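Quick one: dock chain against chain with the hints and give me the complex.
Chains as they are written, first to last, in the numbering used here: chain A, 1 to 297; chain B, 298 to 614.
Keep in mind the hints are simulated off the structure, nothing from the lab. Note that the structure is a prediction, hence the values are computed from the model and not measured. All C-beta atoms in this analysis are idealised placements derived from N, C-alpha and C, irrespective of residue type, glycine included. It is possible that some hints are incorrect.
[To be verified] In silico DSS-like cross-links for lysine-lysine, where the CA-CA straight-line distance does not exceed 30 Å:
1) B:Lys521 - A:Lys21
2) A:Lys148 - B:Lys375
3) A:Lys67 - B:Lys462
4) A:Lys148 - B:Lys581
5) B:Lys521 - A:Lys18
6) B:Lys375 - B:Lys581
[As the list claims (entries may be wrong)] If you want a taste of the chain B side facing chain A, the calculated C-beta under 8 Å gives, among others:
7) Pro338
8) Thr354
9) Trp489
10) Asp553
11) Ile576
12) Ile577
13) Ile596
Chain by chain, the residues:
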Amino acid sequence: MSVATAGSIPQTRRRPVKPGKVVGRVLFYLLVVLILAYILFPFYWAARTSFMPDSDIYLTPVQYWPKNFTVQHYINAFSETTFLRAILNSALVGVAATVLSVLFGASASYALARFNFLGRNVALYLILAMSMFPGISILGALYTVLQKVHLYNTLYALIIVYLTFSLPLMVWIMQSFFRGMPRDLEEAAYVDGASQFQTFWRIMMPLAAPGLATAGILTLMGCWQEFLFALSFELSSSHWTVPLAIANTGANQASAFQIPWGDQMAETLVVMLPLIAVVLLLQRRIISGLTAGAVKG
Amino acid sequence: MSARPPAPAAVAEGARVAGRQRRARSLESTNARFAYLMLVPSLLCLALVAFYPMVNTILTSFTDTTFGQANSNFVGLKNYVTLVQDPTFRSAIGVSVRFTVITVVFEFLLGLIVALVVNTAFRGRGAVRAAMLIPWALITVISAAMWKLMYNQIYGVFNDLLVNKLHVLAINQDFLGSRATALPAVAAIDIWKTTPFIALLLLAGLQLIPGDVYEAADVDGAGKIRTFFSITLPLLMPSILVAVVIRALDALRVFDVFYVLFGQRPDTTTMSILVQEQIIYFGKVGYGSAVSVGILAIIAVFIVIYMLMSRWSAARS
Chain A
1 MSVATAGSIP QTRRRPVKPG KVVGRVLFYL LVVLILAYIL FPFYWAARTS
51 FMPDSDIYLT PVQYWPKNFT VQHYINAFSE TTFLRAILNS ALVGVAATVL
101 SVLFGASASY ALARFNFLGR NVALYLILAM SMFPGISILG ALYTVLQKVH
151 LYNTLYALII VYLTFSLPLM VWIMQSFFRG MPRDLEEAAY VDGASQFQTF
201 WRIMMPLAAP GLATAGILTL MGCWQEFLFA LSFELSSSHW TVPLAIANTG
251 ANQASAFQIP WGDQMAETLV VMLPLIAVVL LLQRRIISGL TAGAVKG
Chain B
298 MSARPPAPAA VAEGARVAGR QRRARSLEST NARFAYLMLV PSLLCLALVA
348 FYPMVNTILT SFTDTTFGQA NSNFVGLKNY VTLVQDPTFR SAIGVSVRFT
398 VITVVFEFLL GLIVALVVNT AFRGRGAVRA AMLIPWALIT VISAAMWKLM
448 YNQIYGVFND LLVNKLHVLA INQDFLGSRA TALPAVAAID IWKTTPFIAL
498 LLLAGLQLIP GDVYEAADVD GAGKIRTFFS ITLPLLMPSI LVAVVIRALD
548 ALRVFDVFYV LFGQRPDTTT MSILVQEQII YFGKVGYGSA VSVGILAIIA
598 VFIVIYMLMS RWSAARS
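In isolation and in its complexed conformation, chain B is listed as follows (with noise of 0.2 Å):
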């Protein structure tokens, strides 16, 4: 889902505040079955819908569980081996990280630019930031039709621009067809779409940062590439923290771009497309979900990660 789910950070920090406010409460604690009953449908929600599920992905990952086939035989670590000596899966990962990396770094430079820009005064800045939020709410199935249609190899206006017009490339290129461009073409699709939303992310930290801090630069003599790299980039961190992370999250688990360009092609399946087609096309469970258990694994990773790394930029500070 593109609603964009609150921060590692702000989890532990929803959860600090709530400890606080724990002691200041007495006159509550006889109303606790209130409070469980309020918390009874989204509680049953998330054991029916996810918890459960989860755990039974965990123990179906040691089954050979097909579908159609009504026996499944408890396999051990087998679907495990298979994970590690598949060469899809690697192929998967790298896709999936590649893809993470080129995007992540794109949509941040491209998006701090933006940001800068937007957070000046000038004329027609409220319609820059009103703008900015189209991208954001198209679905990804049609931003990734849209794109697909300029890359066309033969009427694509890409190619007309860099060919005809620019005159930058010799002959038309086919841009998603080829193993060289692929990547690199659907990660565009997801900086266009993507980085006005980081761009308002660090719009927000950058409205934080008191305007005296400036001033002061200002007094002091600091010059505007000066200010921006010790004034505003370190204040700006937390932000750019959080953003990364949220992005980096949502890019690992990448499908609907990739699934419309290519559907299941086999240089181009990132590590959900390898689930889904395991899962729902060949109606392998048990493997299926081993290939789930290890896309969570790595994911749990790159928290661990941002944890630690949030941990070490709130002590600096």
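Isolated chain A, as found in the complex (with noise of 0.2 Å):
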């Protein structure tokens, strides 16, 4: 990939290094120090505090390190039932809704990238343009109708939902995936007397792995990120996922009136810890699948 911009065009000159080249390049790197430093400064926070005994954590000044260590607050985290529940639900929802939307997703696409009939279109543009329309609108209507089908605080009503949600992701970067891929393999199929679906399954879905993976993740992070539904959706805390457990961490203690600072931040970490390892071992399908949408444009 090409990288030259304009800040490494004089790298291209041959010249003698002058002493206001290297300035910009100490204030070159002090830029790159200070972007870290943005953006990991409030997870070392959130770190810090997670390894504080209480009383050190409302305590003025400020410690910028820790005096006194402890792990008293992972212990109450895995401790805590809701909060282990919550995880238990968060996978769960994330992982039925994002198998789910692969296989719904995927079989759609391929219809829209590879076949020809009335309505194709239309088809298209409809799951398309969900991507553009806001849950919230939907929400009331939503409601009344998981109440009605006996749905609502249930883990089904947020694998369903989630599912919707996710499809007009999943169908712009599977049907542009299975676009790209070449017909060959399909006609041989074909010739080989393999039906439409058995061609689809046993051929394109194996190939189109990487795609598929992609496109997995994203909706995943989705699926765990998401609190608005979980929120109005989900009444018992049996059911609450990681988000409303952590937003309602501490509140059904004693103590309400002060928030478990501690205990939030060991959860924070305890949840962060796996997301982060996932992104950073997949970084590269994850920018891949954020920026196929918009570089296209």
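Structure follows, in structure tokens:
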């Protein structure tokens, strides 16, 4: 990938190093350090707080490095059943919605990318236009429907809603992915007597795995983030997802007037570390998925 | 949801490509039935979870439906008349729009700077780019909680830095509590979380600009600033437009961060908070639906403006 920009032009010229250039370089690295500090400082602060005893957290002057270490908040986090339950709920809802989204979205995308039929553009428009659709605008109607079909206050409600709201992105990524795949393989499969569905399921789906992984990760992260629907549709704390559990940390404790920062930040770190690991491992895929829609626009 | 939807222009582009391919594929025209079957699950979801509730919302907005009351009556435009006169709704629009303007402007400017830095070859560039993804991946509710702690009036780190270390402020401030600073404070959280994402979008755009354009500018003796304003910025315009619109549409429906920091405080009620409060807490589904339709209309205005702008910029280039 070419990385030539305004900033890197001087490197292409052969000139003796001038003092001005050294200063420029130092300033540039200072800017890099500043950017990194800006991004990472809040994480440091959360980690610092999670290892401090309660009494020290509320103390002034503020300690920038904890004087007394404790892992008590982590012990609390792992013995808090609501929180553990929430992790399980989030995992269940996220995985179920993502798997269904991949199955539904990929088959729809394949149909849209490879077949020609009446109403094809209408279907494509409808699905993609959904992406601009604010979820908040159907909150009341969804709430009513879910109560009518007795899915209110169940995890199924979230799975169905998250699945639907993830379809536009899935279809967007997957149909351009299918379009970019060569047609020879499908034709060979047809010649060998495979049915259309067999061709899709046995030949195209395995080959589309990289695209499915990208779209799947983005869907999963979207499900873990979601707060509005979870807050509105899940009444009992045994159905809370992680964002709800963290927003409510300490809500059922005796000292409701004081936020248990240590516990909350410990929970934050417990949830965050696997997420960060996933992001760092899959960063290429995530970046390509995130920018897929933007670059073509 | 945080997963980014395709940009509106990209939607149009997708449909255009679809149209072009229609003629070329006569062979599959007999396979329509298979294609319909493949589409059924997705379209069923959309119909039941999005379109049916949408139609229902519009219909309900003309009634006085309330939870716990068996009867609901058609009340015509009454809810909309109330809506237009409701100071809470006007204030909610104001909060949402101000939040959108502040965050989009700062996220764009800071994002551009970060994108330009990361687009330069330097040691540790990969690490910086990886670090940029972390705030994006963070759950919004968690980032709100992290910043709430840092904003604390007594033992918050911002007050300590500004009062005791940098001596910018004379006394500790209640950043979230006071009316004047609440909105900038919550905007700062969104800016922190989303700037790296905008930077990644702009970076992708920057990497599409061919290197020889810069070489030509260099040969012609254009300085760095001149190069930036006459080459980088115009060529980056499509990416900028997309990034700004995606953000604006997201920011207009902001909910999570305000809810965690302020709950249902009147002066920080955004459009989304108002709807959630009316429907879920007060059970006023009829009026809440009217507010929903109002939000949809406001967002539609933004989408139309964007479409006009992108058509205009496409015509110019």
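Each hint, compared with the structure:
1. B:Lys521 - A:Lys21: Satisfied, since the Cα-Cα distance of roughly 14 Å is no more than 30 Å.
2. A:Lys148 - B:Lys375: holds, 26 Å
3. A:Lys67 - B:Lys462: holds, 19 Å
4. A:Lys148 - B:Lys581: holds, 17 Å
5. B:Lys521 - A:Lys18: holds, 17 Å
6. B:Lys375 - B:Lys581: holds, 14 Å
7. Pro338: Cβ of B:Pro338 sits 4 Å from chain A, so the hint holds.
8. Thr354: Nearest chain A Cβ about 5 Å off; hint holds.
9. Trp489: Since chain A brings a Cβ to about 7 Å from B:Trp489, closer than 8 Å, the hint holds.
10. Asp553: Check passed: Cβ of B:Asp553 comes within 4 Å of chain A, closer than 8 Å.
11. Ile576: For B:Ile576, the interface hint holds, since the closest Cβ of chain A sits about 4 Å away, which is under 8 Å.
12. Ile577: holds, 5 Å
13. Ile596: holds, 6 Å
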